[in-house]
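Novice: Let's have the full structure, built from the sequences with the hints guiding it.
Chains as they are written, first to last, in our numbering: chain W, 1 to 777; chain U, 778 to 890.
Heads up, a few of these hints could be off.
Derived lysine to any residue pairs resembling SDA-like cross-links, with alpha carbons at most 20 Å apart [to be verified]:
#, chain 1, residue 1, chain 2, residue 2
1, W, Lys432, W, Asp228
2, U, Lys795, U, Thr858
3, W, Lys651, W, Val596
4, U, Lys851, W, Glu23
5, W, Lys64, U, Pro828
6, U, Lys862, U, Gln836
7, U, Lys862, W, Ser5
8, W, Lys64, W, Thr14
9, U, Lys849, W, Asp38
10, U, Lys864, W, Ser5
11, U, Lys849, W, Glu37
12, W, Lys622, W, Gly532
13, U, Lys862, W, Trp4
14, U, Lys849, W, Met40
15, W, Lys64, U, Glu842
16, W, Lys432, W, His235
17, W, Lys64, U, Leu808
18, W, Lys64, U, Arg832
19, U, Lys849, W, Ala36
20, U, Lys864, U, Pro828
21, U, Lys864, W, Trp4
22, W, Lys300, W, Val332
23, U, Lys849, W, Phe30
24, W, Lys84, W, Ile401
25, U, Lys816, W, Asp38
26, W, Lys64, U, Ala852
27, W, Lys64, W, Arg29
28, U, Lys864, W, Ser9
29, U, Lys851, W, Met20
30, U, Lys851, W, Ser22
31, W, Lys64, U, Tyr854
32, W, Lys64, U, Ala829
33, W, Lys64, U, Trp843
34, W, Lys382, W, Phe96
35, U, Lys849, W, Arg29
36, W, Lys64, U, Gln836
37, W, Lys432, W, Glu585
38, U, Lys851, W, Ala36
39, U, Lys816, W, Leu39
Derived by calculation from the structure, the hints in this document are not laboratory data.
Each chain, written out:
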Amino acid sequence: MTQWSRFRSWLRATLRRSRMESEMDAELRFHVEAYAEDLMRGGVARHEAMRRARLEFGGIERAKEECREARGANLVESLMQDLKYGLRMLRKSPGFTAVAVLTLALGIGANAAIFGLVDSAFLRALPFREPDRLVHVWTTDAGGDLHTPSPAEYVALRKNGESFEQIAGTGWADNFYSSDDSSWQNLSGLLVTPNWLPTLGVQPLLGRNFLDREETAGQDAVVILSYDCWRARFHADPRITGKQIVVNRRTVTVVGVLPQSLGPFYQNIEIFAPLVLDSYASQGKLRAGIVRVQIVARLKPGVMVEQARSETEVIARLRNPGAPSDQSGHLVVEDFAEEFRHPGPTGQNARRGLWMMAGAAGVVLLIACANVASLLLARGVKRRREVAVRSALGCSRGRMIRQLLTENALLFLCGGSLGLVVARWSEEIITKAGSGMVPGTYLQIDGRVFAAGLVVSLLSALFFGMIPVWHATRVNLNDSLKDAGPNAASGSRSRRSRNLLVAFQIALGMVLLVGFGLLFRSLLHVESAAMGYDPRNVLTATVALPTSPYADPSARTRLMREAIDRVRLMTGVESAGITDSLPMEGADSARLRIEVPSPGATPMKEEIWFLSVSPEYFSTLKTPMPEGRPFRDWDSHESSPVAIINQTFAKQYFPGTNPLGYHVAFADSPTTWREIVGVVSDFRQRNPEEDLRALAYFPLAQTLPSGRWSMAIRVRASSDVANVAQRQWIRSFTGNWVACSSRFRIPSRSPCAGQLLRCWLLSVGWRSCWPSSASLE
Amino acid sequence: MDKQLDLLQGTLDMLILKAVSLGPLHGYGILLRIQQISKDRLEIQQGSLYPALYRLEHQGWIASEWGESENKRKAKYYRLTAAGKRKLQTETENWNRMANVMAGILGAKPEEV
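Specialist: Printed below as a string of structure tokens:
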């Protein structure tokens with residue numbers, strides 16, 4: 001209570017300065033005049049009375065000053081004075097100021113940036129309304145594994161689900177987008193029911209959500225853009241809504257833009273369109289078999305997940321009453337938020353990496369601050385005389401501390417603002433590097449990051465700025481004033497703190513150096529790790545076919561054959577191969593039955609990543625093949641089924657045995673055994689930092705090729721790259737209906753961005769140690 | 778008349794609180810009242826009275842408002858707040874205890890030790 005009234009009285013004194021002044025004036029005048037009147041009543045002449053009254057009152061101005069002091073009215077004024085003086089002092093030694101500000105900018109900027117990344121990854125609450133009420137619904141297969149449900153299951157749940165307030169469905173879609181009608185880009189997209197955003201409880205950043213009627217065929221020519229898509233492809237056009245763009249050769253209207261906060265949850269998805277369930281379900285067996293609808297639902301208030309579980313259990317049983325013993329067809333309700341809070345091992349690794357970086361940034365800041373503190377200490381020695389003179393003139397130590405601390409805080413704030421400005425400029429690079437480590441993280445210098453920068457600046461100013469101030473104001477007047485030289489009196493105490501600070505910096509620097517060395521080694525390791533393929537002079541193109549003219553798998557196969565033949569005839573092209581997933585793109589997975597080397601044993605069932613490739617794929621990528629043979633043109637639909645496995649597969653499932661001649665089969669067609677005819681060397685299919693995993697390859701001609709596939713093209717010399725990359729060629733053989741991915745090279749480095757960022761940070765930290773040599777003298 | 782005593786450090790606040798506890802007063806009135814009840818035995822620097830008043834008001838122990846003086850002039854009147862009343866009470870108790878202790882010590886005779 002008293003604190004509050006004190007604050008109010010201070011505020012009044014500060015804000016109503018002139019009123020307080022005039023009141024004070026009136027009050028003191030009244031006193032003097034009342035006294036004078038009393039004296040006059042005692043017979044003193046008026047003039048003489050006033051003179052005596054003033055005399056006995058003492059210095060009126062001094063009394064006023066003390067009154068102001070009592071109210072704290074001078075606080076702001078003296079702060080302004082200190083700031084002005086501080087600025088003057090900083091300007092007077094530009095070299096010192098520049099070094100200190102730059103050092104601090106590095107430290108504080110790095111920390112603000114890392115804070116932004118960490119904030120976007122873990123600290124920010126999920127961007128959904130009441131995320132605890134959100135659930136995912138999965139279906140199960142015969143083995144009890146979770147899968148995305150079928151459209152029929154979605155419809156059944158939506159019709160009968162009583163525990164849910166909203167049930168939304170999403171499906172995947174390729175979008176062929178053309179900005180100028182000459183080249184097409186394949187943007188991944190999500191088809192969503194109009195109740196998807198309301199279910200999540202998310203408002204579009206711009207524009208509106210889909211309307212209910214837009215879920216019907218013919219009225220669905222509308223899209224919502226992701227934040228990244230809007231930024232990158234439409235230059236963050238604030239008037240984008242209502243504009244028309246061409247997607248899938250159809251003119252559609254942009255009705256909204258999603259907020260950036262959804263980015264981490266729907267990575268790489270650029271275009272959201274209404275899910276028209278009937279036409280989506282009838283798309284048929286395009287890729288790995290069945291069309292799927294991912295279900296996200298919002299529980300009714302007060303409904304527990306267990307209740308919803310038992311209800312979906314009933315719905316599922318009503319759907320397949322015949323097979324109670326089988327594990328398949330159950331609907332399983334899973335906590336939505338839980339999946340984001342507890343990611344798999346890769347996610348956890350990435351998170352650990354980010355936290356480690358945050359730690360490194362903290363160390364960098366400590367070094368930077370210690371650095372500046374020792375510079376300030378060194379300067380404090382030079383200003384000893386100034387401090388001594390001022391305290392001899394009656395300046396109290398508290399007042400002096402306040403002034404010097406203000407000066408230092410000014411320095412730290414300058415550094416902090418510069419750091420924030422630099423971080424703002426490099427938002428995109430840092431976002432890129434950060435999302436390379438933990439997908440979906442981003443840096444945006446917003447209020448939170450700004451506040452973090454400010455708090456870091458002020459706290460470090462308070463702590464590290466205080467050390468030199470403490471020493472500077474511990475002055476022995478006599479000695480300091482007598483000493484002639486400005487450097488003569490570097491007291492042993494302040495020398496000791498400087499030594500401590502320098503030792504502190506060197507120790508931290510060593511920690512960083514060792515960390516940097518280790519990281520650099522692992523970076524080299526990743527860079528030089530046998531990639532398993534040679535990415536130089538390889539171009540890639542991703543093609544996606546529409547369903548209609550190429551619905552028949554054999555028509556698609558024929559088209560691929562034709563494409564390869566044409567590309568191979570182009571000048572500069574050495575070879576070309578086709579795959580359904582390029583390196584670094586991941587792959588489909590399926591349950592495989594794997595023959596066990598010991599006779600009579602039952603086959604193992606394992607979830608394995610698999611790819612469909614053309615015969616020339618491995619030779620195009622120059623992937624070594626230690627055992628067996630590559631696929632041949634005669635491995636066709638009619639001939640006996642074959643497979644190729646990678647070395648990890650061979651090591652895991654055929655230890656000590658030659659796997660050639662053994663068989664694998666898809667669990668859903670268990671009698672079609674495919675003979676292993678070759679073993680290729682390992683390469684990482686998704687991410688250069690991940691562990692090796694078992695992979696199986698099948699000939700394109702023997703699996704159902706999907707509508708989307710990629711071509712890897714090896715050219716003879718890097719000078720041929722530009723020629724071949726002319727995208728015209730690919731239109732020529734498909735009657736205009738293809739899309740090329742925008743990327744025309746296999747990435748060999750970009751996924752290491754996270755590593756590079758860490759190395760950069762550490763090197764910054766190490767470099768920021770150097771100014772400390774200045775204070776070593 | 779006895780020789781005037783200089784104020785002990787920190788006692789001015791107590792005197793002011795006591796003076797205004799007897800009824801609202803303006804600054805000059807407080808001075809007069811202290812002189813009156815001390816029977817002119819205390820010397821108060823007039824200039825130091827106002828910083829003390831401002832400080833006490835800042836602490837919330839006294840409150841002020843403008844009113845009219847005996848000779849029809851505008852004057853600022855101070856009165857004791859509830860917090861000030863409590864403060865005065867504890868200060869008085871402290872003072873009495875201290876005075877007793879001091880008196881006991883200073884009055885000690887050699888045979889009592």
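Novice: Decide, hint by hint, whether the structure agrees.
Specialist: For each hint, the structure was consulted:
At most 20 Å may separate the alpha-carbon atoms for a hinted pair to count; Lys432 of chain W and Asp228 of chain W meet this at roughly 12 Å. Of the pairs offered as hints, the one joining Lys795 of chain U and Thr858 of chain U holds, with about 12 Å between alpha carbons and a cut-off of 20 Å not exceeded. The suggested pairing of Lys651 of chain W with Val596 of chain W holds, with an alpha-carbon distance near 13 Å, which does not exceed 20 Å. The suggested pairing of Lys851 of chain U with Glu23 of chain W holds, with an alpha-carbon distance near 11 Å, which does not exceed 20 Å.
Only pairs whose Cα atoms come within 20 Å are accepted, and Lys64 of chain W paired with Pro828 of chain U is accepted, the gap being roughly 7 Å. Of the supplied pair hints, the one linking Lys862 of chain U and Gln836 of chain U holds, its CA atoms being roughly 13 Å apart against a limit of 20 Å. Of the supplied pair hints, the one linking Lys862 of chain U and Ser5 of chain W holds, its CA atoms being roughly 16 Å apart against a limit of 20 Å. A distance of roughly 15 Å separates the Cα atoms of Lys64 of chain W and Thr14 of chain W; the hinted pair therefore holds under the 20 Å criterion.
Of the pairs offered as hints, the one joining Lys849 of chain U and Asp38 of chain W holds, with about 15 Å between alpha carbons and a cut-off of 20 Å not exceeded. Between the alpha carbons of Lys864 of chain U and Ser5 of chain W the distance comes to roughly 16 Å, so the proposed pair stays at or under 20 Å and holds. For the given pair, Lys849 of chain U sits about 13 Å from Glu37 of chain W by alpha-carbon distance, which is consistent with the 20 Å threshold. For the given pair, Lys622 of chain W sits about 8 Å from Gly532 of chain W by alpha-carbon distance, which is consistent with the 20 Å threshold.
This hinted pair checks out: Lys862 of chain U and Trp4 of chain W have alpha carbons roughly 19 Å apart, not beyond 20 Å. Distance restraint check for Lys849 of chain U and Met40 of chain W: the Cα-Cα separation of roughly 17 Å lies within the 20 Å cut-off, and the hinted pair is therefore satisfied. Of the pairs offered as hints, the one joining Lys64 of chain W and Glu842 of chain U holds, with about 19 Å between alpha carbons and a cut-off of 20 Å not exceeded. The suggested pairing of Lys432 of chain W with His235 of chain W holds, with an alpha-carbon distance near 17 Å, which does not exceed 20 Å.
Distance restraint check for Lys64 of chain W and Leu808 of chain U: the Cα-Cα separation of roughly 17 Å lies within the 20 Å cut-off, and the hinted pair is therefore satisfied. A distance of roughly 12 Å separates the Cα atoms of Lys64 of chain W and Arg832 of chain U; the hinted pair therefore holds under the 20 Å criterion. At most 20 Å may separate the alpha-carbon atoms for a hinted pair to count; Lys849 of chain U and Ala36 of chain W meet this at roughly 16 Å. Note on Lys864 of chain U and Pro828 of chain U: the hinted pairing holds, with a Cα-Cα distance of about 18 Å set against a maximum of 20 Å.
A distance of roughly 18 Å separates the Cα atoms of Lys864 of chain U and Trp4 of chain W; the hinted pair therefore holds under the 20 Å criterion. At roughly 17 Å between alpha-carbon atoms, Lys300 of chain W and Val332 of chain W fall within 20 Å of each other, so this suggested pair holds. Only pairs whose Cα atoms come within 20 Å are accepted, and Lys849 of chain U paired with Phe30 of chain W is accepted, the gap being roughly 12 Å. Between Lys84 of chain W and Ile401 of chain W the alpha-carbon distance is near 16 Å, which keeps this suggested pair within the 20 Å criterion.
The hinted pair formed by Lys816 of chain U and Asp38 of chain W meets the criterion: a straight-line CA distance of about 18 Å does not exceed 20 Å. As the CA atoms of Lys64 of chain W and Ala852 of chain U are separated by approximately 17 Å, the hinted pair is consistent with the 20 Å bound. The suggested pairing of Lys64 of chain W with Arg29 of chain W holds, with an alpha-carbon distance near 12 Å, which does not exceed 20 Å. Distance hint between Lys864 of chain U and Ser9 of chain W is fulfilled; the C-alpha atoms sit about 19 Å from each other, no more than 20 Å.
Proposed proximity of Lys851 of chain U and Met20 of chain W is supported: the alpha carbons are some 15 Å apart, at most 20 Å. Using a Cα cut-off of 20 Å, the hinted pair Lys851 of chain U and Ser22 of chain W holds, with the two alpha carbons roughly 13 Å apart. Annotation: proposed proximity of Lys64 of chain W to Tyr854 of chain U holds, straight-line Cα distance about 18 Å (limit 20 Å). For the hint pairing Lys64 of chain W with Ala829 of chain U, the CA-to-CA distance comes to about 11 Å; that is within 20 Å, so the pair holds.
A threshold of 20 Å between alpha carbons decides the hint, and for Lys64 of chain W with Trp843 of chain U the separation of about 19 Å falls inside it, so the pair holds. The hinted pair formed by Lys382 of chain W and Phe96 of chain W meets the criterion: a straight-line CA distance of about 13 Å does not exceed 20 Å. Restraint check for Lys849 of chain U and Arg29 of chain W: satisfied, since their Cα atoms lie roughly 15 Å apart, inside the 20 Å limit. Restraint check: the Cα-Cα separation between Lys64 of chain W and Gln836 of chain U comes to about 18 Å, which is no more than 20 Å; the hinted pair holds.
Restraint check for Lys432 of chain W and Glu585 of chain W: the C-alpha separation of about 17 Å stays at or below 20 Å, so the hint holds. Straight-line distance between C-alpha atoms of Lys851 of chain U and Ala36 of chain W comes to about 16 Å, which keeps the hinted pair within the 20 Å bound. Among the hinted pairs, Lys816 of chain U with Leu39 of chain W is consistent with the structure: their alpha-carbon atoms are about 19 Å apart, no more than 20 Å.
Hint compliance for this structure: every hint is met.
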